[in-house]
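Trainee: Letter by letter, the chains look like this.
2 protein chains.
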Amino acid sequence: MHIICPQKSLLNSINIVQKSVSTKTTLPILRGIYIEAASNQLKIVGTDLEIGIENLIEAEILDEGATVIDARLFSDIIRKLPDADIDIKLIDNNQVNIKCLNAEFSIVCHNPDDFPDLPEISEDNFYKIPQELFRNMIKQTVFATSQDESRPILTGVLLEIDQNSLNMVALDGYRLALRKGKIQSDISNKAVIPARTLSEVARILEVDNEKPIEICLTENHALFITGKTKLISRLLEGEFINYKQILPKEYKSRVKINTRNLYNSIERASLLAREGKNNLVKLIINDDKMIITSNSELGKVHEEIVILLEGDDIEIAFNSKYFMDALKVFDDEEIYLDFTTNISPGIMKPVDNENYTYLVLPVRVSSN
Amino acid sequence: MHIICPQKSLLNSINIVQKSVSTKTTLPILRGIYIEAASNQLKIVGTDLEIGIENLIEAEILDEGATVIDARLFSDIIRKLPDADIDIKLIDNNQVNIKCLNAEFSIVCHNPDDFPDLPEISEDNFYKIPQELFRNMIKQTVFATSQDESRPILTGVLLEIDQNSLNMVALDGYRLALRKGKIQSDISNKAVIPARTLSEVARILEVDNEKPIEICLTENHALFITGKTKLISRLLEGEFINYKQILPKEYKSRVKINTRNLYNSIERASLLAREGKNNLVKLIINDDKMIITSNSELGKVHEEIVILLEGDDIEIAFNSKYFMDALKVFDDEEIYLDFTTNISPGIMKPVDNENYTYLVLPVRVSSN
Numbered sequence: 013m014h015i016i017c018p019q020k021s022l023l024n025s026i027n028i029v030q031k032s033v034s035t036k037t038t039l040p041i042l043r044g045i046y047i048e049a050a051s052n053q054l055k056i057v058g059t060d061l062e063i064g065i066e067n068l069i070e071a072e073i074l075d076e077g078a079t080v081i082d083a084r085l086f087s088d089i090i091r092k093l094p095d096a097d098i099d100i101k102l103i104d105n106n107q108v109n110i111k112c113l114n115a116e117f118s119i120v121c122h123n124p125d126d127f128p129d130l131p132e133i134s135e136d137n138f139y140k141i142p143q144e145l146f147r148n149m150i151k152q153t154v155f156a157t158s159q160d161e162s163r164p165i166l167t168g169v170l171l172e173i174d175q176n177s178l179n180m181v182a183l184d185g186y187r188l189a190l191r192k193g194k195i196q197s198d199i200s201n202k203a204v205i206p207a208r209t210l211s212e213v214a215r216i217l218e219v220d221n222e223k224p225i226e227i228c229l230t231e232n233h234a235l236f237i238t239g240k241t242k243l244i245s246r247l248l249e250g251e252f253i254n255y256k257q258i259l260p261k262e263y264k265s266r267v268k269i270n271t272r273n274l275y276n277s278i279e280r281a282s283l284l285a286r287e288g289k290n291n292l293v294k295l296i297i298n299d300d301k302m303i304i305t306s307n308s309e310l311g312k313v314h315e316e317i318v319i320l321l322e323g324d325d326i327e328i329a330f331n332s333k334y335f336m337d338a339l340k341v342f343d344d345e346e347i348y349l350d351f352t353t354n355i356s357p358g359i360m361k362p363v364d365n366e367n368y369t370y371l372v373l374p375v376r377v378s379s380n
Numbered sequence: 013m014h015i016i017c018p019q020k021s022l023l024n025s026i027n028i029v030q031k032s033v034s035t036k037t038t039l040p041i042l043r044g045i046y047i048e049a050a051s052n053q054l055k056i057v058g059t060d061l062e063i064g065i066e067n068l069i070e071a072e073i074l075d076e077g078a079t080v081i082d083a084r085l086f087s088d089i090i091r092k093l094p095d096a097d098i099d100i101k102l103i104d105n106n107q108v109n110i111k112c113l114n115a116e117f118s119i120v121c122h123n124p125d126d127f128p129d130l131p132e133i134s135e136d137n138f139y140k141i142p143q144e145l146f147r148n149m150i151k152q153t154v155f156a157t158s159q160d161e162s163r164p165i166l167t168g169v170l171l172e173i174d175q176n177s178l179n180m181v182a183l184d185g186y187r188l189a190l191r192k193g194k195i196q197s198d199i200s201n202k203a204v205i206p207a208r209t210l211s212e213v214a215r216i217l218e219v220d221n222e223k224p225i226e227i228c229l230t231e232n233h234a235l236f237i238t239g240k241t242k243l244i245s246r247l248l249e250g251e252f253i254n255y256k257q258i259l260p261k262e263y264k265s266r267v268k269i270n271t272r273n274l275y276n277s278i279e280r281a282s283l284l285a286r287e288g289k290n291n292l293v294k295l296i297i298n299d300d301k302m303i304i305t306s307n308s309e310l311g312k313v314h315e316e317i318v319i320l321l322e323g324d325d326i327e328i329a330f331n332s333k334y335f336m337d338a339l340k341v342f343d344d345e346e347i348y349l350d351f352t353t354n355i356s357p358g359i360m361k362p363v364d365n366e367n368y369t370y371l372v373l374p375v376r377v378s379s380n
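Heads up: the protein sequence lines correspond to chains A and B, in order. For the first sequence, our numbering begins at 13 and goes up steadily by one. For the second sequence, our numbering begins at 13 and goes up steadily by one.
Any given hint could be a false lead.
Intra- or inter-copy, both count: the list cannot distinguish identical chains.
In silico lysine to any residue, SDA-like type, Cα no more than 20 Å apart, as pairs [to be verified]:
1) Lys312 - His122
2) Lys55 - Asn105
3) Lys111 - Asp95
4) Lys240 - Ser134
5) Lys101 - Lys312
6) Lys111 - His314
7) Lys268 - Asp299
8) Lys111 - Ile16
9) Lys301 - Asn114
Bear in mind the hints are in silico, worked out from the structure with no lab data behind them.
Excised from the complex, chain A in its bound form (with noise of 0.2 Å):
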């Protein structure tokens, strides 16, 4: 293998890749970064079995050839070349020089042929969604995913596909995020996609892209492809909830409210609550405000904003970082608030569009 490509490309490449290249492996082969020249293309690959990303570059290649490179030395010294042309050559299969103007390495190289393959997945049946959109989704629900691994299937965000609608579920036993959009679709398909997956997948989507990014679902894996590069990720097994029946159909009170006010007023109660285990706040809703409360051992805290109520005056307590976490990624300036009791669980949603519903569970405190 003999090539010659600009650093800022090989570098972007490797950028790209790095992220699901193993650093706590126990096989060596995993902790690099697999570089293959063939025709006119160089293809850059990194796996660490549970996700892989592969991107292609343009390089003028001089022998085809391939090899696997210490991913955390490559990139060190791919970055801290100059903006020049970077010249990678293979020797005796296991060293690589890498040249670029006064500065040469020599480096010890794996065989390739010990790289794990990606798996096979067969290009057809591909659903279209644009990149802003689907990064849009993503930000609404993988937050909401559980962190807990004693329940797996929670760790993960259903994609479900039905009649050109795209559902993207995320629930961890005391919030669900479900975010609706549209997608080009004939037929119905369901999966459950890792949160680490969609984080990536978001971070590989280009802004302005008008390209949409094409998604393959398979029995057990899914295929993300935007521009030169290509995201595999395993799914994750197991039936997900019947989130469907966990929503309620109506509502006693609605407030219509500000959501960077409401955002920042429990950020301030916070202040006080994160003092205490459950970051309790208490939300006191009558007639045209709402009054949040917050106290701990170190003081306490009383914030008033203005709302508009239909139905039932309430008074509710909640986990304030569950509330904060939703807030942040509401793109919506007015959003509405839905309670029925106390006891049951709160709604948030946007007030202009039905996209994207937001379920958080009270807590119960003493009545005084």
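Put chain B on the given structure of chain A with help from the hints.
Mentor: Chain B only, in chain A's frame:
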């Protein structure tokens, strides 16, 4: 106590003093910020008994008095409040109310009498030094202080004042940094200031402020005044090493080299050197070029830089960290490297002036 002041200026003041607030102390009062309302200004103070910082801000004083508020909570609250006037009022001596628009906090506070007084320093006999120059002198010396608490005197920087000149010196047993500057002074004086103090002083210096910083030294303390901020620090006790006898008077090889190129090459070489414990890089100086090499079990690197050599060829090895630390703080485009033998110290200094000298001990390596 009852005051009103704008959120921005209060937050700025808290940010200045907060760095001197102790986080690890067993004395709860030291985790607090002292605020005192007197005539037409507000005094904000923090101290950990080693360093004390005092800042004055303009405020509307409705009622004079003082209190002490937990620093972390206070700064978090003020940071999260909107950009509006903040009303702070002491109630019953153990509770302080903080109001801003529709937010109101009641916070438990401490008795201001329990807060330690900062040392009294008679503010005569000042040295004045331009802020930018002093920041630069700190930056070029403080990194070379020792981290090893077993020789406390080396954890500080020597300030040596003599006939309008100020020398600042730091050394840790492996390297020495000496920076010379001009100061307004009639008398000679010296003191060893803790490295942490100087880092904090550099932080409170204002980039564009034309007014010099004022420094006052007493037997046990140093006082730094800049604008509305005073910083008082304990001095380190003991005799500083007689550094002048460490500096070599002559050299056998003088290399003129581009600072940035040398930094970049040594940084790349150190990517492999870091695998070894001593970060070893070897310089082979020969006629019009310097070759930098390094190797480890992961591979090796070879860098070439064009130089101007006056005197003998030489091969010498160093800990790359000690080279890079200094190359980072040179403002000069070109520097001299002076060597005598491969077991005697190397010297770096700017080509165009005499104000900075950095000395570093070589590492002995076998001759092959």
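Trainee: Which numbered hints does this structure break?
Mentor: Nothing - there is no hint that the structure violates, so all of them hold.
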